Every structure is written in structure tokens, then in C-alpha cells.
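S.K.: One line per chain: the protein sequences are E and U, in this order. Using our numbering, the first residue of the first sequence is number 184, and each one after it goes up by one. Using our numbering, the first residue of the second sequence is number 184, and each one after it goes up by one.
It is worth saying that the hints were derived from the structure and are not from the lab. Model, not experiment: these values are computed from the prediction. One or more of the hints may lead you astray.
If several chains are the same, the list does not tell them apart, and a pair holds so long as it fits within one copy or across any two.
Unchecked claim - Cross-link-like lysine to any residue pairs, in silico, SDA-like; alpha carbons within 20 Å at most:
#1 Lys358 with Ser263
#2 Lys383 with Ala228
#3 Lys319 with Asp190
#4 Lys383 with Glu368
#5 Lys375 with Ala357
Protein chains: 2
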Amino acid sequence: MTRFTKDDILQLEKQLRTNLINSLPGVRQANLIGTVSQQGEFNVAIFNSVMHIGAHPPYMGFMMRPVSVRRDTYLNIKSSGYFSINHVNRQMLQQAHQTSARYDYSEFEATGLTAEQSYLHPAPYVRESQVNIGLKFVEEKLIECNQTVLLIGEVIEIVIKDDLLSEDFIVQSAKEEAVAVNGLETYYAVSKLMQLPYAKPV
Amino acid sequence: MTRFTKDDILQLEKQLRTNLINSLPGVRQANLIGTVSQQGEFNVAIFNSVMHIGAHPPYMGFMMRPVSVRRDTYLNIKSSGYFSINHVNRQMLQQAHQTSARYDYSEFEATGLTAEQSYLHPAPYVRESQVNIGLKFVEEKLIECNQTVLLIGEVIEIVIKDDLLSEDFIVQSAKEEAVAVNGLETYYAVSKLMQLPYAKPV
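Start from the sequences and build out the full structure, keeping to the hints where you can.
M.R.: Next comes the structure, spelled out in C-alpha cells:
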């Protein structure tokens, strides 16, 4: 086993420390967050931090880095009140990754991903995704220890490719060819291992 | 495409709605959180909500359901000030899943997982995991819209199986045979697709 104490971690070269700490939580679904600016321009950016907040009522959230520099996604959510979450699959992976580059125009135009509009809210969906979720912004939490921000929305629409839900309404990630990511750049495919029953003491 | 509006979602049978909303964020690494009670008893429970908070200094967090009912993990973190995060791999999956059953004694004893102690903090590691992370509790955030809680800790120790880090210090999830989960019970294996370079405008 290799062991790192806090001092060992703090003394690591910065890029190595970033890689190590970013990959410690393990794999997570890659998602694209879609937003619209006050000028009506569509923005889309890749995130690995989308999370479940609650099912009744349905809430989801994601973490943003400190907003001390300009963050279009954050500004657009605050000004428009809405955002979308769109799953990344294998077919669109390179385009999705490319949204993390710094463009001074829409990432849709830059990457060739296709924006699609909903009748229910102004945030763009990504047509190439097989799961699109529309959310209304409801709450933000500033994390005091490092100024990151947790943004939370209420799910107001779900658009999902036919046959992607199981009989018991679980999104079938392997069938979707969903892509997971560990850290910021190492991408993984997933294959179903097993579905285990609700655990009871034996 | 199948489309659910907010009304459609609210009218779903409760278990179907739970399944749907829980699986919307996509796959996430399965992790075991280890804690110790004031009486010195070791607790371990499976979570799918472990997240990266920051790398400099290194912080990680996870979401807990409302603490309106007794939550040992929460109480133990608040009383002891420490917790551990331990990756789930294929070899230990069934035992890890079984920690979600309600036991009135230690889940280590109930499931056969092995507790291991650190010299640096009192929270137990899970020996069967190939990545163990020791954290000092630093902050909690109550999510007002549904009373869930985000708990954050500072990474004070990492114990990782030899050869599991790449040359650039990224945890190799496929080599680890890391297990991801979508929702609460559908488990996935991961296989590496590609590592993409830091994206720049083209």
C-alpha cells in the first residue's frame, strides 16, 4: 500500500496533487449543463459533479468552482432561473469534452452539438444526449472552506430516449452507452454487473 | 422520446418516481463511509454521493438524507470529528451493499468486512477497499428545500493499493475493478475508454 499523509499531499507537485485529489471520489457520470444568457446565447459545459438531492419533490444539484472568475453557467442560471442536465454518451464524448475549452462564443457552435428548446423553460437541451432534464433553480449554497458553490434545481421536465427506462423506471446506463469520468479527463464505459434487492438483515 | 412534465412526475407511483429520479444523475462510484461512535463501535454504510470539493487544500464531501430520523453516520461524524471514505470494488460488492440493511450492531460484524485503524484518526478503514481516505470533518450545509445535509471533510490521509495510481497520479478505476451504482441498487463495472487532453479552442 502507498500512504500519503496530509503533509505528503501538500508537498506534491500541484498538477499531481490535483490529479490525485480529483480522482479520489471515483468515477461519476459525465453531464452537460445547458444554460442561456441574458442576450439569448446558449451555453453548454461539461461537469462531473451532478448529484441527486431528493426524489419527493424531485431535486438535483451540481458543484461549481469558486465564482471569483467569470462563470457563464453560474451567471446564466442566476439571470434566467433555469438550467438543463444532459447525459454524455460514447457517440458524443469528444464534443462533450471539447465544451471545457474557453470559447468567446457558444460552445454549441464551437463543438457541433445541437441545441434543442423546450416549451417549458428557456435552457437548451443537447439533442445528442439520450437523457435531458430541465430544472428550475431553487437554491445555492456557498461552501465556506473553499468558496465552491452547490447549485440546486427542481426537475420540471425529463425527456428520455424510448426503451432507456427499465420496467421499474431506472435509467439503463449501459444501454445508453453512458460515459463516466474520473477526475477531469479519464473517461470510462459502464457495463451492468447486477441489480441487488433492498438489503435486510440476514 | 418519452417526456415527463413536472405533473407527470408528481403523479407517478412513489417507488417508480424514486427509481426514476434517483437514477437521473447517472452512474456514480459506490463508496463506504466508516465512522466510530462515542462508545467506540465502528459503523460502515454505503453511499453513492461522494464528491470532490477542492484540491488545494484537499476537501471531499457527501450528501446525507435528512437527519430527522437517527443517522449513525451523521451522529458519529459530529461526535468524533472524523470519517473515512473507502472505494467499493467487485470482490466486496455484496458485502458493501449489505451495509445498507438496518442492523442494531456493527455492520463490520454483520457483513464480514474488516475494520482497520489508522494512526492519524479514529475512523475505521475498510481493509477490502483498495482506496481508503481519512477525513477530518470541517463543514456541513443544510439544504433548505428538503433538509438533506452536505458534509465536508479535509483529506488527512490516503492509503492506496500499490500500482493503482497512474504515472500522473490518477486513480485507475478499471484496474481497481471499481464499482459504480445508478440509483440505489443497480451496479456497474467500468472500463477505460480514453484519456483526453486538456481542451483548448480549435
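S.K.: Would you mind marking each hint as holding or not holding in the structure?
M.R.: To see whether the hints hold, each was checked on the structure:
In this homomeric assembly, Lys358 and Ser263 never come within 20 Å of each other (Cα to Cα): the closest approach is 33 Å inside a single copy and 43 Å across copies. With identical chains, the CA atoms of Lys383 and Ala228 are at most 20 Å apart between copies only, with a shortest distance of 13 Å across copies and 41 Å within one. In the homo-oligomer, the alpha carbons of Lys319 and Asp190 lie at most 20 Å apart only across protomers (14 Å), although the nearest pairing inside one protomer, at 42 Å, exceeds that limit. In the homo-oligomer, the alpha carbons of Lys383 and Glu368 lie at most 20 Å apart only across protomers (13 Å), although the nearest pairing inside one protomer, at 38 Å, exceeds that limit.
Proximity of Lys375 to Ala357 under the C-alpha cut-off of 20 Å is found in both arrangements, the shortest distances being 6 Å within a copy and 14 Å between copies.
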